[in-house]
Amino acid sequence: MIMSQTQTKRPSTAPTPPVFELIEVEQEFSVPQPGRSLFNRDTVGLKALDGVRLSIAQGASLALVGESGSGKSTLLRVLLGLDAPSGGRALYRGKPIREARARGTGFARDVAMVYQDARGSLDPRMTVGQLIAEPLRHFNIVRKGEEAARVAQLIDRVGLPTDAASRYPSGLSGGQVRRVAIARALASEPSVLVADEAVSGLDVSTQAQLLTLLRSLQRDMGLTLVFITHDLGVASYLCEEIAIMYLGRIVETGPTDAVLDTPAHPYSAALRAAAPRFFEPIPEPLPGEIPSPLDLPNGCRFSSRCPAAQEDCRLRDPQLGQQGAGRAVACLHPLTSTGAQASETR
Amino acid sequence: MKDMVTQPILSLRDLSVHRGAAKILDRVTLSLAEGETLALVGESGAGKSTIATALMRLLDGAKVEGSAEMTGAGDLLALSERQMVKLRGRRLSMIFQDAGSALNPSYTVGRQLITVLRRNLGLSKAEARSRAIELFTSVGINDPEGRMSAYPHQLSGGMQQRVMVAIALACNPDLLLADEPTSALDVTIQAQIVRLILAQTKSRGASCIFVLHDLALASQSCDRIVVLYAGQVVEAGPSRDILERHRHPYTKQLKSCVLEIGTKDITAPEGTVPPHSEMPVGCRFATRCPRALPRCAGEAPPLQPARAGADGPLDHHFACWNPE
Ligand SMILES: Nc1ncnc2c1ncn2[C@@H]1O[C@H](COP(=O)(O)OP(=O)(O)OP(=O)(O)O)[C@@H](O)[C@H]1O
Ligand SMILES: Nc1ncnc2c1ncn2[C@@H]1O[C@H](COP(=O)(O)OP(=O)(O)O)[C@@H](O)[C@H]1O
Ligand code: SF4
Ligand code: SF4
Ligand SMILES: [Mg+2]
Ligand SMILES: [Mg+2]
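As given, the protein sequences belong to chains A and B, one line each in that order. Numbering-wise (the UniProt record's numbering), the first sequence opens with residue 1 and increments by one. Numbering-wise (the UniProt record's numbering), the second sequence opens with residue 1 and increments by one.
Heads up, some of the hints might be wrong.
What the hints assert, rightly or not - Derived pair list, reagent style SDA-like, types lysine to any residue, alpha-carbon separation capped at 25 Å:
id : chain 1 : residue 1 : chain 2 : residue 2
1  : B       : Lys252    : B       : Gln200
2  : B       : Lys63     : B       : Arg82
3  : B       : Lys264    : A       : Ser304
4  : B       : Lys202    : A       : Phe279
5  : B       : Lys255    : A       : Ala273
6  : B       : Lys255    : B       : Arg82
Since the hints were derived computationally from the structure, they do not count as laboratory data.
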């Protein structure tokens, strides 16, 4: 479950810490100043993440949703301990993620990743069998004699044909390559599976096959799932919880169905409206473009495109605050369940 | 929905494409009325892009049969390359799935658009420039003058796709082919681009063929849908007939995979499209079809009208021995 600000202050006697907890996480990259000349080598800080607060409990399934450039992949790198955040705290079962990662193979074994570019993440010179055996060996999962049987089991579990073990990635379709990536991720017997756009770019039939597979894996093995997608249909099918990002910040979180039924943040509402629906007219899109993180609007970062913006939105930067059961929103004038705006400011 | 008597702008008859021993398109027949939008849908590898590319005559290394009569242009498949050069960009143009790689990385987007305008419309440099700025404005590019001097890599995916739309529409083509113009983009940008293409083609009375994966998006944007499976048309008709009164088991399967917000149950299809070397001689869907009969694998079902008397070009047809 994701907890809003108030819920995170629960007593420290809580039985198990969440799998992941992000507290005011910032990630600042230094980039060349825009429009610089040859002689001016000044850099400026680009905040790809700016005050992210998130808690992911054991067994949860969380969809991370947002437009391109909103910081999803950057957030994932922090969760995986690939990058240390430039500010705030990023915890894995109560310990800093970077420390957990540095301390032996436990973290890498427990938290498995399926990359967006599945084909690029696989060595083309290795057979599927070798690719799946690699993590088995690396983490000492089975004895040498049992390796082939375990590889066969994994191949079967992800729905690859039995003869796949002897084939090379180049001979596999896009959907099959993703299955190999999932089999490799499952090989280390992780409790957390993190996936970046694992089904995007596939046709609907193949996507449906992979999604039913992922859902059954999540349910049968009690996996904690963190799933990046920009498809709200996928989020609503696969994940109980959703976190919607805009320009480096989570602007709304809560149970997926509740958030998508009655979005409280105008940006969530816009995303929802833009998702294709049978025979509905395509709605008026959001005006303008996503601003550059180097040139944030004053006050609320969504104010330059928000159809519900009011005067104070340019003055105050709304923080993620509780909004009903298990939900949180960062907006000064959240929408009510009828789609109207609350009258009083927060 | 379009009037039944509208003249077809394009009439494609028995288009077959062979690559080596594989027949990757098999007697595809379809027609498109003036001002109509049509969606080609189907699994990856079904042949959607091949149809669009064949119409542009940009397929290489393939044997092409059939005819594609376009009003006032003749048979697109029989024209000489010199005649095609005159048509491309002017009477028919194509938007590719991946705008990033369709644009030339070493020229500014303004220069690319100006080149098209000068070559195809014979405009002077100054005329082309002001027309280019107008076009950028009409496709929703902010600061069009400033953006003229941007290189493709300096633009977001959505902006690149807008530039592609501007280039494709520069010469007011009668027929626009859009091959998955938005599948690499976010939903918000996708909605913008699809609306843009529809508004721009409708206002010019142009016709449009969309290649789409998303049936819900097809229903929102297209008058008619053609469903392809393994290189064959298996069902075609007005969007509502295809999505709500489909007769072909494959159309049903495609629809059952669609995830709308709130969908908690989908039926994932079994297996995959067989490789061309193992394609059944009869119905190509027979290896995966839940309704297959003994005759299906050996005998190819012909396209037949879904309703008695339905034989106009806009009507609902399907090819199946044991329809839903
Ligand atoms: N250059 C090529 N050489 C050989 N085979 C090709 C080539 N291009 C396409 N094919 C084959 O032709 C068939 C149709 O491909 P096409 O690209 O038209 O499919 P599509 O429906 O557009 O699929 P997608 O949804 O993946 O874009 C496939 O079997 C494909 O493998
Ligand atoms: N290594 C980096 N150096 C500089 N800027 C970066 C780097 N990684 C990401 N960014 C910037 O951070 C923002 C968020 O990027 P990203 O996390 O990739 O977004 P998403 O995955 O949501 O598309 C973007 O503006 C991106 O350009
Ligand atoms: S704070 Fe104001 S501008 Fe920001 S999302 Fe809410 S209403 Fe819109
Ligand atoms: S012809 Fe037979 S195999 Fe083909 S779709 Fe119809 S029932 Fe299925
Ligand atoms: Mg990303
Ligand atoms: Mg294609």
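Here is how each hint holds up against the structure:
A hinted pair counts as satisfied when its Cα atoms are at most 25 Å apart, and Lys252 of chain B with Gln200 of chain B does not qualify at roughly 32 Å. At roughly 19 Å between alpha-carbon atoms, Lys63 of chain B and Arg82 of chain B fall within 25 Å of each other, so this suggested pair holds. Of the pairs offered as hints, the one joining Lys264 of chain B and Ser304 of chain A is violated, with about 35 Å between alpha carbons and a cut-off of 25 Å exceeded. Taking the CA atoms of Lys202 of chain B and Phe279 of chain A, the gap is near 18 Å; set against the 25 Å cutoff, the hint holds.
With a C-alpha separation of about 21 Å, the suggested pairing of Lys255 of chain B with Ala273 of chain A holds against the 25 Å cut-off. For the hint linking Lys255 of chain B to Arg82 of chain B, the alpha-carbon distance of about 42 Å lies beyond 25 Å, and the restraint is violated.
The earlier numbered hints that this structure contradicts are 1, 3 and 6.
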